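Protein chains in written order, with the working numbering: chain G, 1 to 795; chain W, 1 to 163; chain L, 1 to 200.
Simulated from the structure, these hints should not be mistaken for lab results.
What you are looking at is a predicted structure, and each value in this text was computed from that prediction instead of being measured.
Please note that the accuracy of each hint is not assured.
Said to hold, decoys possible - From chain G, some residues computed to sit far from chain L (all C-beta separations above 12 Å):
id : residue
1  : D313
2  : P678
3  : E705
4  : S713
What the hints assert, rightly or not - Computed beta-carbon distance windows for the label pairs:
id : chain 1 : residue 1 : chain 2 : residue 2 : range
5  : L       : E146      : G       : S194      : 32 to 42 Å
6  : W       : S21       : L       : Q35       : 17 to 27 Å
7  : W       : E126      : G       : P160      : 46 to 56 Å
8  : L       : Q35       : G       : A73       : 19 to 29 Å
9  : L       : E146      : G       : S188      : 45 to 55 Å
10 : G       : T158      : W       : S21       : 22 to 32 Å
11 : W       : E85       : G       : E419      : 28 to 38 Å
12 : G       : Q482      : L       : T102      : 53 to 63 Å
13 : G       : A454      : W       : D55       : 45 to 55 Å
14 : W       : E85       : G       : V9        : 18 to 28 Å
All C-beta atoms in this analysis are idealised placements derived from N, C-alpha and C, irrespective of residue type, glycine included.
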Amino acid sequence: MTEMSVESVDPDDVDAADILGSAIERREDPALLTGDAEYTDDIQLPQMTHMAVKRSQHAHATIEGIDTSAAEAMDDVVAVYTAEDIDVPGNLPTGWLLDTLNQVDHPILADDRVRYQGDAIAVVIAEERYAAHDAVDAIDVDCERLEAVTSPREALDTAPDLHDDAPGNTAFEWEIGDAEKTSAAFESASHTASIDLENQLIIPNAMEPRAAVADYNPSTEELEVAMTTQNPHLHRLLMSGVIDHPEHKLQIRAPDVGGGFGSKIHHYADEALAAWTAKQVERPVKWVATRTETYLTDAQGRGHETHGEIAMDDDGTIVGLKVETEANLGAYLSTFAPAVPTYLYGTLLSGQYDIPAIHCEVTGAFTNVPPVDAYRGAGRPEASYVVERLIHLAAKKMEMDPAEFRRQNFVPDDAFPYETQVAVAYDSGEYEKTLDRALEMLDYEDFRERQREAREEGRYLGVGFSAYIEACGLAPSELAGQLGAQAGLWESSLVRFQPSGTVTAYCGTSGHGQGHDTTYAQIVANELGIDYEDVDVVEGDTDEIPQGMGTYGSRSAAVGGSALVKSSQKVVEKARSIAAHQLEASEADIDFENGEFHVTGAPDRSMHITEVAEQAYLAHNMPDETEPGLEATSFYDPDNFVFPFGMHAAIVEIDPDTGEIEFERYVAVDDVGNQINPKIVEGQIHGGVAQGIGQALYEAAEYDENGQLLTGSMQDYAVPKAEHIPEMETDSTVTPSPHNPLGVKGVGEAGTIAAPQAVVNAVVDALEPFGVDHIDMPLKDEKVWRAIHENGGEN
Amino acid sequence: MAEHEITLTVNGTDHELTVESRELLVHALREELGYTGLNVGCESTMCGACTVHLDGDAVKSCTVLAAQADGQEVTTVEGLAEGGEFHPIQEGFQEEHGLQCGYCTPGMMMTATQLLEENPDPNDEEIRDALEGNLCRCTGYQNIVNAVENAAEKMGASTQGDD
Amino acid sequence: MEFEGTFTIEEVSTEEVWLALSDPFLIKQCLPGCQFLTRVEDPDDVDFEALGEQEPDEDPPTLPEAAPEDISDRAFEEGGHYAALMQIGVGSVKPTFRTVVTIDEREFPAMNASGEGSATDSSFEMSSGMTLVETDGGVDIEWEAEADVFGKIAQMGQRVISPVANRVVSRFFGSVEDRLTEVAKEDDSEGLRDRVRNLL
Ligand code: FES
Ligand code: FES
Chain G
1 MTEMSVESVD PDDVDAADIL GSAIERREDP ALLTGDAEYT DDIQLPQMTH MAVKRSQHAH
61 ATIEGIDTSA AEAMDDVVAV YTAEDIDVPG NLPTGWLLDT LNQVDHPILA DDRVRYQGDA
121 IAVVIAEERY AAHDAVDAID VDCERLEAVT SPREALDTAP DLHDDAPGNT AFEWEIGDAE
181 KTSAAFESAS HTASIDLENQ LIIPNAMEPR AAVADYNPST EELEVAMTTQ NPHLHRLLMS
241 GVIDHPEHKL QIRAPDVGGG FGSKIHHYAD EALAAWTAKQ VERPVKWVAT RTETYLTDAQ
301 GRGHETHGEI AMDDDGTIVG LKVETEANLG AYLSTFAPAV PTYLYGTLLS GQYDIPAIHC
361 EVTGAFTNVP PVDAYRGAGR PEASYVVERL IHLAAKKMEM DPAEFRRQNF VPDDAFPYET
421 QVAVAYDSGE YEKTLDRALE MLDYEDFRER QREAREEGRY LGVGFSAYIE ACGLAPSELA
481 GQLGAQAGLW ESSLVRFQPS GTVTAYCGTS GHGQGHDTTY AQIVANELGI DYEDVDVVEG
541 DTDEIPQGMG TYGSRSAAVG GSALVKSSQK VVEKARSIAA HQLEASEADI DFENGEFHVT
601 GAPDRSMHIT EVAEQAYLAH NMPDETEPGL EATSFYDPDN FVFPFGMHAA IVEIDPDTGE
661 IEFERYVAVD DVGNQINPKI VEGQIHGGVA QGIGQALYEA AEYDENGQLL TGSMQDYAVP
721 KAEHIPEMET DSTVTPSPHN PLGVKGVGEA GTIAAPQAVV NAVVDALEPF GVDHIDMPLK
781 DEKVWRAIHE NGGEN
Chain W
1 MAEHEITLTV NGTDHELTVE SRELLVHALR EELGYTGLNV GCESTMCGAC TVHLDGDAVK
61 SCTVLAAQAD GQEVTTVEGL AEGGEFHPIQ EGFQEEHGLQ CGYCTPGMMM TATQLLEENP
121 DPNDEEIRDA LEGNLCRCTG YQNIVNAVEN AAEKMGASTQ GDD
Chain L
1 MEFEGTFTIE EVSTEEVWLA LSDPFLIKQC LPGCQFLTRV EDPDDVDFEA LGEQEPDEDP
61 PTLPEAAPED ISDRAFEEGG HYAALMQIGV GSVKPTFRTV VTIDEREFPA MNASGEGSAT
121 DSSFEMSSGM TLVETDGGVD IEWEAEADVF GKIAQMGQRV ISPVANRVVS RFFGSVEDRL
181 TEVAKEDDSE GLRDRVRNLL
């Protein structure tokens, strides 16, 4: 166990007044530890059928004919459907529009053409899971194969068009920043550095595959869909359009969800097909993706090809930054795809630095890979990677220490709120603090000494820094709308007292491993001054929760948590007026502390909020015009994003004979604002870092020249194992966000954003004697070895 | 397709059931018998989410045919706690925040309990080695390792107490 | 994916090897998992079920028994199309490929063919070439193939496919070698050689 690791505590041992901010054990764990949890595939309904999907084996082909007769004739097959049978719009929409966006059709079953390996062609409904898959195998699809392309650059340059509505495979062209100012800055600069890099496609690999169980009641027309979702309300809205079912008769429920990392935000064909077929056969339908299907169809992440340049003046002050990116969007536009490589990317290109001129151009390209969309970090890791790789090269160019080069260029503490050149205003930050803490933990001076000595012995150590910034809780809705969002980005909550003094708190976010039940109960208990155990939290069900936008973009604490604060405060205000009435004092004279209302200066004249709740439901003695009951709903729309930041650093050693990378240290100092539950925060950092290290060293979706996925199983795609992830040493600083009542900033994606460049910078630092400036991720041994030897060994 | 009448003893309870030749043990346990605590993450021996004890050994139940397990004793995650008391491994996972979404957790715990039986005081590396066949996408493994160490301490303390 | 190799058969002549590799029946018998191999007219319209049913219960004699003239009569022809049903075990799956091959070029001692095959959730496209080279002790069969694979088997990747391809090829040439060794054993092999030479 690391010294730095947070110790968790039993909630029973925590005073009510201290509940917010304490590292209590999670209340969701007992069910998950005993098998009592209910994931989607655990659901069994009477008369339930099973759906399986016939998918394209080609990445690009025209469909000449589909013969389903053999499948239909099989025992246990209830029905087989192809595009011809779809009698609803059946077109998956995009939730984010850009001015230049070429929108293309995305049918839930391909009719005349398939555009990626895994594109759905037909579905089978059968009595039983195995029978459904057997029948899928019996469907004969006659295809004419077309040329396929998987690189965005090639798609834009040479490949045949995928869509009639997107000439040259261009999905959009987008820019941010000031081109002229940036060119001028480069012209007058004394030094520049540049990089060409690829940020490879990543397959999310939530451990629970996507799944849905749909149940339709023809008499009431109610359609209930339990599914793996990070945002049930959003899925309800989208699905109601796709399958033309009235929104108020559609219930989307998230049972326990086994991880998402972005992949369960989006609206896919399969879940819509399960819902639509349930209406057709009037029996419950279950669909569960096989792992192969998740590899073929889960929206992937990243997929950038980028050229970046940075310019400095004489003394190493950054004067400009420019970036050109071709972003892979895959075969169709997934739910938030247009936002990820644009507003979630370009706006973060100032990093932690005061950069006076920035310009960024992004071209989105259609290719024959599955749709690409948000994956943990979504745009921000790509931005942070470019910036921190350039910073590393810039420091080298200036012959400056990389830590000191960063320090010199940080946005200074007194400059907040800080307006960047790429349209965002950072809320708060103290960047030197995290840097200093990281240097102290690393024993940096000493490390550089060791590094020198080691090199003399032919051992290659390196340190890599990553000064990352993240933007979470995209807001406010008005701004999001101007940028193209087809949804608001507020969050809703309902806080309701029961007459006996217990509380149920409903929130429109939808956790899937983040421990919301625990943290939200901490928030609400603290606001209401009641026992943590007396607060129950409900999420993930459109029938129970007023409205919601869901969990992604590290928004839940900042936006969902704040919505709960707001509702709680409304409850307290109503309770105050009832208490004032019953205590025969004026509202202004009623103080509220630790759950107790009392008359100012007369602590004896008091009422606990739970007594007020009882009175509110008895309604025997209420102030005039006050309705009975004690509950409140609110929609919280933040004023701005929040900007967590931190410094991650890795120390690695490389064996020049094999290219093998070994971690000596991994240090993470994060500032995520106030922490509601430090143990959960630590867990989020750990998991995020592991995914970032996965991208840096192991993971990549690889395709052959025909668009066939070569890494289509856990055997070929290296999801990191326990032995691959080093011990992480974590610490934090706290700079509260001024933008929300909790002062929180968001932590879900920080580690994933920070880690890749910390690792790559460390490797490149270690290989400096070999003249290696850059290696594209994943840094597999063989690639590292080649980089060493291509440069002819040490120079 | 040929069918087989088999008997499985799951967490001490005998069950008789009929399975198809090709039916996997994981599906028989989950779908025929309702032991949904074990999960399916890959159906291909890679993720470990489906790990159970079969006659005392941790095995991935997606690689065993139900018919092959005829007559054997199966322990699933549902069988870890006894008389409402958590097994030390469950306590360890809870106290060390060794789980997030929980999908890998039942399998992790089944593998870990086998490790602790063979090696009551494993070090960090031995734990990571033992968990080689169990993937977790959420935790970054550090708190899982801590959870196993925590359980080892508890179990060590309790056996010492018995001396 | 690209494959290539050289298979050496001792104590035979190029002509004998050529003759053996001209015979669709012998190829069928030597190719592991091949259920039939029949000439078809229209490569785009092949009824595999009908072909399977038409398949005679017993093949005519092949080497070493067959007369070279008979083989020559039924030998592959340049421009000809051939349909085959092939079952190949790849990892845990055993897809049956409906395959159509076209002989693109055939001129002693070299032959090129291309084709494609499809199974339930996998398919392939390939082109291949072969040249016979006379050596001191026998014949080198130099072969190469380029294949694109799609679907389930593609996903298994080169890791799985290369050994399968190697296994199929070496079993195939191994069986061809067995036949030719028997031919060599039969005494009048000189006579056979001449008869083959005359046919070419
Ligand atoms: S489901 Fe058995 S190992 Fe993954
Ligand atoms: S806790 Fe989610 S996969 Fe391990």
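Here is how each hint holds up against the structure:
| no. | hint | result |
| --- | --- | --- |
| 1 | D313 | 50 Å, holds |
| 2 | P678 | 42 Å, holds |
| 3 | E705 | 8 Å, violated |
| 4 | S713 | 7 Å, violated |
| 5 | L:E146 to G:S194: 32 to 42 Å | 38 Å, holds |
| 6 | W:S21 to L:Q35: 17 to 27 Å | 25 Å, holds |
| 7 | W:E126 to G:P160: 46 to 56 Å | 54 Å, holds |
| 8 | L:Q35 to G:A73: 19 to 29 Å | 23 Å, holds |
| 9 | L:E146 to G:S188: 45 to 55 Å | 54 Å, holds |
| 10 | G:T158 to W:S21: 22 to 32 Å | 51 Å, violated |
| 11 | W:E85 to G:E419: 28 to 38 Å | 58 Å, violated |
| 12 | G:Q482 to L:T102: 53 to 63 Å | 60 Å, holds |
| 13 | G:A454 to W:D55: 45 to 55 Å | 50 Å, holds |
| 14 | W:E85 to G:V9: 18 to 28 Å | 20 Å, holds |
Hints 3, 4, 10, 11, counting from the list given before, are not met by this structure.
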